[in-house]
Amino acid sequence: MEYLLHILILIGIYVILSVSLNLIAGYAGLLSIAHAAFYGVGAYVAALMALNLHSPFLVNVVCAVIFSGLLGALVGIPSLRIRDDYFVIATFAFQVIIFSVLNNWVSLTGGPMGLPGIPQPTFFGLKISSHVGFLLTIGFFCAVTLLITRRIVQSPFGRVLKAIREDEVFTQAAGKNIATYKVLVFVIGAGMAAVAGVMYAYYISFIDPTSFTVMESIFIISIVIIGGAGSLWGPVAGAVVLVLLPEILRFLGLPSSVAANVRQILYGGLLVAFMMWRPRGFLGKYAFQSGEASE
Amino acid sequence: MSSELLEVQQLEKSFDSIRALADFSCSLRQGEILGLVGPNGAGKTTLFNIISGFLAPDSGEAMFHGTNFIGLPPHRIAVAGIARTFQNLRLVRQLSVLDNVLLSFRNQPGERLGNVFFRWKTSKEQEAANRKEAISLLEEAGLAEKAHDPAEDLSYGQQKLLSLVYCLAAKGDLLLLDEPVAGIAPEMIEKILGIIRDLPNKGKSVILIEHNLDAVMQVCDRVIFMDAGAKVSEGTPEDVRNDPRVIEAYID
Amino acid sequence: MITQVLINGVIAASTWVLVALGFSLIYYTSRFFHFAHGAVFMAGAYFTLIFNMFLGIWLLPSMLLSIASSALLGCLMYLFIYHPLERRRASPLILMLSSLGIFIVVENIISLVFGNEIKIIRSGLVEEGFPLWGARITSVHILIVCVSVFLVVATGVLLRTTKVGKAMRAVANNRELAKVCGVESYRVILWSFIVGSALAGLAGVLMALDVHMSPAMGLNAIMMGVVVTIIGGIGSVPGVALAALLLGMAQHLGVWMIGSQWQDAIAFVILLVFLVFKPEGFMGKKIRKAVV
Chain A
-8 MEYLLHILIL
2 IGIYVILSVS
12 LNLIAGYAGL
22 LSIAHAAFYG
32 VGAYVAALMA
42 LNLHSPFLVN
52 VVCAVIFSGL
62 LGALVGIPSL
72 RIRDDYFVIA
82 TFAFQVIIFS
92 VLNNWVSLTG
102 GPMGLPGIPQ
112 PTFFGLKISS
122 HVGFLLTIGF
132 FCAVTLLITR
142 RIVQSPFGRV
152 LKAIREDEVF
162 TQAAGKNIAT
172 YKVLVFVIGA
182 GMAAVAGVMY
192 AYYISFIDPT
202 SFTVMESIFI
212 ISIVIIGGAG
222 SLWGPVAGAV
232 VLVLLPEILR
242 FLGLPSSVAA
252 NVRQILYGGL
262 LVAFMMWRPR
272 GFLGKYAFQS
282 GEASE
Chain B
1152 MSSELLEVQQ
1162 LEKSFDSIRA
1172 LADFSCSLRQ
1182 GEILGLVGPN
1192 GAGKTTLFNI
1202 ISGFLAPDSG
1212 EAMFHGTNFI
1222 GLPPHRIAVA
1232 GIARTFQNLR
1242 LVRQLSVLDN
1252 VLLSFRNQPG
1262 ERLGNVFFRW
1272 KTSKEQEAAN
1282 RKEAISLLEE
1292 AGLAEKAHDP
1302 AEDLSYGQQK
1312 LLSLVYCLAA
1322 KGDLLLLDEP
1332 VAGIAPEMIE
1342 KILGIIRDLP
1352 NKGKSVILIE
1362 HNLDAVMQVC
1372 DRVIFMDAGA
1382 KVSEGTPEDV
1392 RNDPRVIEAY
1402 ID
Chain C
623 MITQVLINGV
633 IAASTWVLVA
643 LGFSLIYYTS
653 RFFHFAHGAV
663 FMAGAYFTLI
673 FNMFLGIWLL
683 PSMLLSIASS
693 ALLGCLMYLF
703 IYHPLERRRA
713 SPLILMLSSL
723 GIFIVVENII
733 SLVFGNEIKI
743 IRSGLVEEGF
753 PLWGARITSV
763 HILIVCVSVF
773 LVVATGVLLR
783 TTKVGKAMRA
793 VANNRELAKV
803 CGVESYRVIL
813 WSFIVGSALA
823 GLAGVLMALD
833 VHMSPAMGLN
843 AIMMGVVVTI
853 IGGIGSVPGV
863 ALAALLLGMA
873 QHLGVWMIGS
883 QWQDAIAFVI
893 LLVFLVFKPE
903 GFMGKKIRKA
913 VV
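Protein chains in written order, with the numbering used here: chain A, -8 to 286; chain B, 1152 to 1403; chain C, 623 to 914.
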């Protein structure tokens, strides 16, 4: 039972991560492999505040969101000047740099040793210590994330994002300042990812940089793509499938050293397979296909 | 202050060693339909790109309602009242016909993120109003029944018609139409020309680029013939057609 | 001391230039970022392990077989995945994403089969190295630098003078126009995969000889490959060489001054600066963004 709850909590975290990345990559068409950096920054900000300032849970959430959001703006800015495949590399660069900071600024982040002993959070007066408690909290944040995303996507703002995805020139000629939209979508996506990071930090009560690497970013974008970019429920489906998959393997008795590799082979293979036969994923509406032809 | 809607003075633009615009000047009065003709590479689309802000000239000035707008980014120029279509027919193909038109409305409160969350009611109201107007524009153009289809499902001619409709949604004073009737069937040509002919009655002014000289004759008040970046001839459609320099340029 | 740092910089540059040369050549003709190039690099090292340690073949033939196997691996990736996607007019993003998928699969297969610990190829006695201007350099290092210099020059010559090279430049500049002139992009791109993957495989072999191999080496290699390629400029051999030198130096100077953990960050900060201010690199063609 505890195990089941644990899986659901993990799914919840990845739902938030994939829905937020979907906003950036699936709706605005800005493919990014920096998302684990936003996730990690959120986790570290909350952990550091909880451990050093003993500040309350919600304050930490807000600070993590703001900090990560500002970082998101920074990452979004190069998208104004460079083409989409080069921009992916820029996000790659940001991811590596931020990971480097988390891993090497030992006096601040504890370096590779990480930050242990994160206390249990108190949410609106209730102490969250059990799996059920964490699940309910994560469920709450998932719902908030989905509601915010749905509102954005159904608004004129969301319509402009979809237009930017397909044709930036047309969108500018329609009077939209695409710079604002691109930066804002990164701010929101990063802020949401930070929430996932905060929950992860409190739940596991220990964080280290190895949870927030390039490979993690690639995993999150794989969820978005396989589940379906550009749709509201695609990333949710993707998160469920890709989190459950390795657990099924473990169920089948695969030793855990092998399981880690097999899990990655599976999702890497799925990524290739979907790219070849169904780039818009299970439920998606966007296949990373339109946009200006390269020179 | 000049009474011209648009004034373009001595624009120069070169790409590598090719002089796309050579000391080009022209002006447009309110309510005029100006035709821009000339062989390929004459600089017509370059002129459009400069006026709409996508390209910066090497030198020269351009004024809209008396204010210099060179150097402004394209979205600001678009909001100031200039709407354009593109030679390669830009649209958001994955969005519906209606959404394409709705996109073109300027100053929508629902496009500001703050309003999306904190003034949702106002945003929704404006969106509903825009929707009504968009549908009526589509009805006038005869595209209303396709309103919810993705734009990519329209025929080429219908897509050209749609691009004219989204220019109208912009509610601007000046429309820049790049080859509005090229490559489409005669009935559609008639339809589009009819809409264009009516635009001055709605207070709009038009510059259009076309290779279809019949269309230009029918619809334009004035014509400019361009070649190799320079203005070769200017006047009524008749004058320009009979200008020996124009005939010579076509023979070359 | 500083001489050793500079020499280490040159040696590092020599390995990265081989990876980057291959990566750059492939992007030059096919116009997408083949991340799985890092996996081919890894495969080069592990093929040598298979041929030399498991099959007992002598070292030099093992190395040559590994290079050939790497070239074949790159070839297979193109034939079975990238080319079918190209035929379906997939965007560079889709190709890049599939490449990431391939990379993950290959890296994990290697990790599964060989384990995550570092492995070494015994190349002979452990050397102390020769003295050079107050620093030390081993024979493997000399080999790496010499091979790299030779291959850089050879690749430059290949692109400029041979039929294949000229065909590559034609396809890189304008695929449609090249087709009109009878240059079929399929074969040209296939050749660039063969040559590029061979270079990557060779780099992997050399790294395995010099240091060691592990499943983590692929990611590191492709990271450096990307940085060098972009800083150097696509399609410019001297650019790539210059960039590799700059990167190798910057990294080792950085290691010397502020510690080895910041190597990656240094490289990627330099990359970001170039991406934002000079995306065409030192010597590449200008990359235009939205064209109206």
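These are computed hints drawn from the structure, not numbers from a lab. No residue lacks a Cβ here, since even glycine has one placed at the ideal position from N, Cα and C. Don't take each hint at face value.
Calculated cross-link-like contacts (lysine-lysine; reagent style DSSO-like; alpha-carbon spacing at most 30 Å) [what the hints assert, rightly or not]: (1) C:K788 <-> C:K801; (2) B:K1275 <-> B:K1342; (3) B:K1297 <-> B:K1275; (4) B:K1297 <-> A:K276; (5) A:K118 <-> B:K1275; (6) A:K276 <-> B:K1342; (7) C:K801 <-> C:K785; (8) B:K1283 <-> A:K276; (9) B:K1322 <-> B:K1342; (10) B:K1322 <-> B:K1275; (11) B:K1342 <-> B:K1272; (12) B:K1272 <-> B:K1283.
To be clear about the criterion: a stretch of chain B counts as covered by chain A if any three or more of its residues have a C-beta under 8 Å from a C-beta of chain A, and this derived list gives those stretches [to be verified]: (13) 1238 to 1250; (14) 1283 to 1295.
Right, here's what the structure says about each hint:
no., hint, verdict
1, C:K788 <-> C:K801, "holds (13 Å)"
2, B:K1275 <-> B:K1342, "violated (33 Å)"
3, B:K1297 <-> B:K1275, "holds (23 Å)"
4, B:K1297 <-> A:K276, "holds (20 Å)"
5, A:K118 <-> B:K1275, "violated (40 Å)"
6, A:K276 <-> B:K1342, "violated (34 Å)"
7, C:K801 <-> C:K785, "holds (15 Å)"
8, B:K1283 <-> A:K276, "holds (27 Å)"
9, B:K1322 <-> B:K1342, "holds (20 Å)"
10, B:K1322 <-> B:K1275, "holds (20 Å)"
11, B:K1342 <-> B:K1272, "violated (38 Å)"
12, B:K1272 <-> B:K1283, "holds (17 Å)"
13, 1238 to 1250, "holds (count 7)"
14, 1283 to 1295, "violated (count 0)"
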